[in-house]
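Asks: Required output: the full structure, derived from the provided sequences and hints.
If you read the protein sequences in the order shown, they are chains S and L. If you read the first sequence in this note's numbering, its first letter stands for residue 1, the second for the next number, and so on. If you read the second sequence in this note's numbering, its first letter stands for residue 308, the second for the next number, and so on.
It is possible that part of the hints are untrue.
For lysine-lysine, the following DSSO-like pairs were computed, each having C-alpha atoms within a straight-line distance of at most 27 Å [unchecked claim]:
hint	chain 1	residue 1	chain 2	residue 2
1	L	K424	S	K79
2	L	K475	S	K84
3	S	K170	L	K503
4	S	K84	L	K482
5	L	K501	S	K84
6	S	K79	L	K501
7	S	K170	L	K557
8	S	K170	L	K482
9	L	K398	L	K503
10	S	K79	L	K482
The calculated label-pair distances, taken between Cβ atoms and stated as ranges, are [unchecked claim]:
hint	chain 1	residue 1	chain 2	residue 2	range
11	S	L2	L	G405	55 to 63 Å
12	L	E547	S	L154	16 to 24 Å
13	L	E547	S	S195	40 to 48 Å
14	S	T168	L	P758	42 to 50 Å
15	S	T168	L	V551	20 to 28 Å
16	L	V650	S	V15	40 to 48 Å
17	L	A546	S	F145	16 to 24 Å
Hints are computed from structural coordinates only; laboratory data are not their basis. All C-beta atoms, glycine included, are put in the ideal place defined by N, C-alpha and C.
Read off the chains here:
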Amino acid sequence: MLKYFFKRCVAIVPVLVVVSILACGFVRLLPGDPARMMAGQDADTATIEMLRAQLGLDRSLPVQYFTYMGNVLRGDLGKSLKTKRPVFQEISLRYFPTMVLAVAGMTWSVLFGVFFGAVAAIYNGKWQDYAAMLISVSGISMPQFWLGLLAIQLFAVYLGWFPVAGFTGKWSELALPSFTLGATVAAVMARFTLSAFLDVLSEEYISTARAKGVPERRVMWKHAFRNALIPVVTMAGLQFGFLLGGSVVVETVFAWPGLGRFMIEAVAVRDYPVLQALLLLYSFHFVFINLLVDMVYAMINPEIRFE
Amino acid sequence: MAAKRLFLVLLCLAMMAAPAFGASKDIIYASESTPKSLDPHDTTDTYSGAIEKAILEGLMGFDKDLKVVPLLAESYTFNNTATEFTFKLRKGIKFHDGTPFNAEAVRVNIARLMGGKLKRSSLMKPVKELAVIDDSTVKFVLNEPFGAFINTVAHPGALILSPAALTKYGDEVSKNPVGTGPFIFAEWVSDTVKIKKNPNYWRAAVKVDSITFRPVPESGSRLAMLRTGQAQYIYPMPAELLKVAQADPKIDIIERPSIVERYLVLNTRHAPLGDARVRQAINYALDKQAIIRIAWGGAATEADSIIPPNLQFYKKQSAWPYDVAKAKALMKEAGHEKGFKVVFLTPNPSNRLRATEMVQQQLKEINITGEIQSMDVASFYNKLEAHRADDSNQMPFIAFGGWSSSTGDADWGIRPLLATQAFPPALSNFGFFSDKKVDELIQAGLVSADPAARREAYAKCQDAVWPMAPWGYLFVDTLIAAKSKNLKGIYPLPDGGFSVENAELAD
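Replies: Written out as structure tokens, the structure reads:
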């Protein structure tokens with residue numbers, strides 16, 4: 001298994017090379033000139049030309065790409081065009097807040113999502129089912145933006161339980177944003193758990209188990225739930241990959257100093273080095289999480305083996 | 308399940324254990340923008356510039372109405388041809404690192420700017436040399452007359468850094484600014500900048516311990532932070548939430564006119580828009596008040612000159628009343644009764660898009676029709692700058708433009724937008740307006756540094772341009788900030804920045 005893990009890790013490299021070429025090309029396809037955005041609205045041509053030369057944007061695209069990749073291989077992601085700080089430093093500063101938020105949001109959503117989904121499946125057609133699904137459909141339909149602002153009004157402005165926004169390292173600051181982030185994902189998870197659970201319940205081995213007199217509780221938890229978890233884990237992995245990119249909406253509403261907002265700001269001023277590094281990082285997240293998800297499969301279902 | 312429930316309960320409890328906010332003289336400023344640099348010579352955005360002005364000072368500065376006042380200079384003199392400007396410096400002032408402020412410090416800073424490698428290097432383009440006369444006197448010698456030079460020296464791009472810090476940090480000074488201002492730079496982590504009191508400030512004593520500038524991009528959250536006391540000052544205060552804020556007894560609203568003028572760039576190279584009568588018709592057909600009310604939440608006043616009232620040498624002009632009948636008559640006279648097609652270009656922030664939609668509807672009344680192309684700010688300027696005056700098949704466009712003259716002077720409010728030399732890509736005359744007389748008047752404003760002579764030139768210039776209607780005149784933004792009642796002495800400046808040196812926090 002360890003060998004398999006390392007083999008898969010090595011396979012990440014070519015994926016990242018392809019992504020790097022695409023990223024480099026895509027960010028330059030965006031209309032708008034970074035030198036112009038850096039120089040400000042009232043800049044003269046000389047200033048813009050000077051910046052373009054300084055930023056190396058006057059060179060051909062392949063030259064820019066190979067220079068960039070050469071630096072990346074030496075561990076240098078370049079400097080942000082906007083702040084002139086090293087991209088690595090800028091991303092590291094924002095990685096932790098996004099990570100904390102993603103983990104907390106994911107925890108909420110898995111706990112609530114799987115719970116509501118399982119309840120809906122077990123009590124299929126009864127009031128518990130309707131209640132659970134009503135909550136989860138509301139979760140999906142309510143825009144995060146709106147939910148976040150409502151949460152701020154209620155829990156921060158009126159009740160005063162939590163701070164409104166910002167992240168300075170206090171746990172209390174995590175409550176509202178992680179709840180808002182988790183709510184949407186929890187709803188998705190609940191729908192997913194429900195359908196996976198129902199699929200499994202219609203399998204023949206469930207009927208067999210019931211027929212041989214296995215208690216219903218045991219049928220549900222031992223036979224059905226474990227198997228239903230496989231697609232749920234896939235889904236959770238995928239969602240977590242997205243959350244690690246930083247939720248733009250939640251980070252904006254709660255002034256969270258994370259990667260999502262950083263990305264949007266970088267797009268606005270066409271900060272090429274930052275965008276390229278973030279695209280590489282996001283791709284790495286997805287490939288790596290996929291690998292982890294495959295590993296978790298084996299833990300849930302020992303029949304799954306690696307070749 | 309029991310274990311899970313217990314875990315949840317514990318998690319909730321842990322999260323609720325928020326520490327209380329203690330009473331102290333620390334202010335949190337919640338802003339919309341994020342800081343980009345704290346190197347004044349390499350800064351082009353107002354927000355970074357405003358933070359720099361709390362830490363650093365220039366020879367000259369602006370007061371709260373954008374009038375130029377001496378700061379590190381005690382006084383100045385200039386010659387008749389506006390080519391030599393001599394500044395007497397204040398004595399006995401020290402930088403935060405203890406090194407003295409003197410003529411040599413000025414020389415080092417100006418030489419750095421004149422080196423030409425920084426975003427604000429263009430400010431010193433008119434300068435031939437800087438002569439150090441003695442320890443407290445410097446003289447700028449210019450290549451050619453530049454009457455607006457005093458405003459250049461007052462510009463945030465010409466703030467003075469400690470030469471010792473420049474030697475120590477090099478370009479990294481952008482994260483380690485050291486100046487003579489009321490506040491000392493403390494830290495910059497992620498998006499948040501903190502400055503602390505300078506106990507030895509050479510002017511009045513500073514009354515607060517620290518100010519933290521924290522970006523909060525969502526306006527609803529910004530207001531909520533102010534209401535809960537998590538922030539003491541917010542800018543901008545969103546116009547659509549004014550009612551909520553006014554109802555809160557703990558909050559003060561501050562409204563002040565800005566120097567941001569909004570206008571429609573009319574492509575004067577395109578045949579119908581090249582006709583002054585058509586452009587005048589457009590100005591009669593625009594219901595400015597409705598646009599201000601609906602698209603801008605009422606936070607603006609109708610433009611009454613080509614530059615806003617807070618700029619030096621502004622002269623009020625007569626308004627263009629909303630008069631569709633007159634507009635139609637002018638269109639008929641110009642032979643365009645049946646109208647023509649244009650493209651409306653606009654940046655995509657929602658208020659600008661809404662304003663453009665209203666313009667589109669209003670101009671339909673005089674048969675000027677067309678599609679709106681909205682795009683993000685970078686693409687918008689990219690598009691406008693790509694046009695050249697000699698393109699044979701130029702697009703007939705009407706673009707939603709805006710300008711803020713960071714020097715506070717009429718020159719930078721007029722020349723980059725309306726002079727013939729300012730056609731893109733050189734500067735921002737995106738509508739290719741060109742008039743010989745106007746060019747001469749713009750030049751006349753620069754050949755002398757004598758305020759009376761300059762006032763006369765710019766008055767004539769505004770009188771001349773206004774009726775030619777190079778733009779569809781719209782409005783001047785009103786700045787709205789909000790603060791908690793116990794905070795005093797902090798206010799927005801007309802350029803969108805702020806002044807914090809007199810900030811005071813009551814218990």
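Asks: Hint by hint, note whether the structure agrees.
Replies: Here is what the structure says about each hint:
no., hint, verdict
1, L/K424 x S/K79, "holds (17 Å)"
2, L/K475 x S/K84, "holds (18 Å)"
3, S/K170 x L/K503, "holds (22 Å)"
4, S/K84 x L/K482, "holds (10 Å)"
5, L/K501 x S/K84, "holds (19 Å)"
6, S/K79 x L/K501, "holds (23 Å)"
7, S/K170 x L/K557, "holds (26 Å)"
8, S/K170 x L/K482, "holds (25 Å)"
9, L/K398 x L/K503, "holds (24 Å)"
10, S/K79 x L/K482, "holds (14 Å)"
11, S/L2 x L/G405: 55 to 63 Å, "holds (59 Å)"
12, L/E547 x S/L154: 16 to 24 Å, "holds (20 Å)"
13, L/E547 x S/S195: 40 to 48 Å, "holds (41 Å)"
14, S/T168 x L/P758: 42 to 50 Å, "holds (48 Å)"
15, S/T168 x L/V551: 20 to 28 Å, "holds (26 Å)"
16, L/V650 x S/V15: 40 to 48 Å, "holds (42 Å)"
17, L/A546 x S/F145: 16 to 24 Å, "holds (19 Å)"
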